[in-house]
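Residue numbers (my numbering), protein chains in the order written: chain R, 1 to 173; chain Y, 1 to 193.
These aren't lab readings, by the way, just hints derived from the structure by calculation. Bear in mind that the values here come from a model prediction, so they are computed numbers and not experimental data. Check before you lean on any hint, since a few could be wrong.
For the chain Y half of the interface with chain R, some residues (derived, Cβ under 10 Å), not all of them [as the list claims (entries may be wrong)]: (1) Val17; (2) Ala55; (3) Val78; (4) Leu98; (5) Leu111; (6) Ala121; (7) Phe153; (8) Met175; (9) Ile176; (10) Gly178; (11) Ser182; (12) Gly191.
All C-beta atoms in this analysis are idealised placements derived from N, C-alpha and C, irrespective of residue type, glycine included.
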Amino acid sequence: MIVFELFLEFVLLSFVAFGGATALLPEMHRVIVAHHHWLDDTTFTHLYAIAQAAPGPNVLVVTLIGWKVAGLSGALAATLGMCLPMSVLIYLLVDRWERFSGRRWQQAISLGVAPLAVGLIFSGATLIAQAANFRLGAWGVVLVTTFLNLRYKALHPLWLIAAGAMLGLSGWL
Amino acid sequence: MSAIPLLPIPPSRPLLVPSLNALFWGFSSVGLSGFGGVLPFARRMLVDERQWMTAEEFNTQLGMCQFLPGPNVVNLAVVVGKRYQGLPGAITAPLGLLAGPVLIVLLLALLYDHYGTLPQAQGVLRGIAAVGCGLLFAMAWRMGMAIREKPVFWPFTMLTVTAIALLRWPMPLVMIAGLLLSGGMAYWTLGRK
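Just chain R, same shape as in the assembly:
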């Protein structure tokens, strides 16, 4: 019952998904690739790339992973597992939010989780680089992208993605 297992894994993952699916990349890799061997490194980075190039929320990388592991039912199971628990929780809690909001412990968690999320996203970036086994040319693209994205806020990331795709197509990376 790989579909059920997939659903359960993503239910578990959703509970630590502070910072959304992006911050979850390292853990998804650990569970899906390193632990279960459902995908290999290359496929994992390919799916990440496809999710980058497609419109929609970041959570779609989960849909792709589910698809690759167990087809259409896998895609639905993974997406549902990722979205359902917190959706239910937030549905139940939203009317009580006013009571928590602004409390010292609530602010402490919001403040305290931020540096962890930064660490998770940084780890996700290093992990993609590792799994994709980037050579010098690809590292150049990484550096230039980081610089351009930070320096020119008006430059839409889609242009960078298109440029990266062209460079990749030409075989330089």
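Please arrange chain Y on chain R, whose structure you already have, making use of the hints.
Just chain Y now, kept in the frame of chain R:
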């Protein structure tokens, strides 16, 4: 748009109450407009274009969605859907948000199944992964710079990177320990003021 009746409670700002249909298509437009995150588009649709909520309301609701783990924008769709149409709305809004993008991504997955082994396709995906990696570094940098009291909180970032990227420890463990330490530190700094 089929949202007609006015919200009766606060008379100062006549906000529209969206129907289920409007919720579905409104969030569909959000889901399909963004690449690598659609939150800014959710704000534009809800506050500026359709005026389902004021900017302050949006910020409050978003605060809760970002407080809980899970995909923030899906959480937001649940909150907005529930607010206007109860349980049916809370189901319809996230469905609208995800239906279009999921279809597109599954089409791309089909293409990948057929052509993914071609060297050209591998090259393209490699190039996009490199750009995606750079975007992640940039995002981490921006978020890190936005943290106040960096000398106090950056060590927790470094501990997270060490535990996750280098030691490859399971994330639930790391997050529980990290939240206790970093959240505890935040609790203390909040009391100091």
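Which earlier hints can't be squared with this structure? Violated hints (numbers, rising): 1 and 2; every other hint is consistent with the structure.
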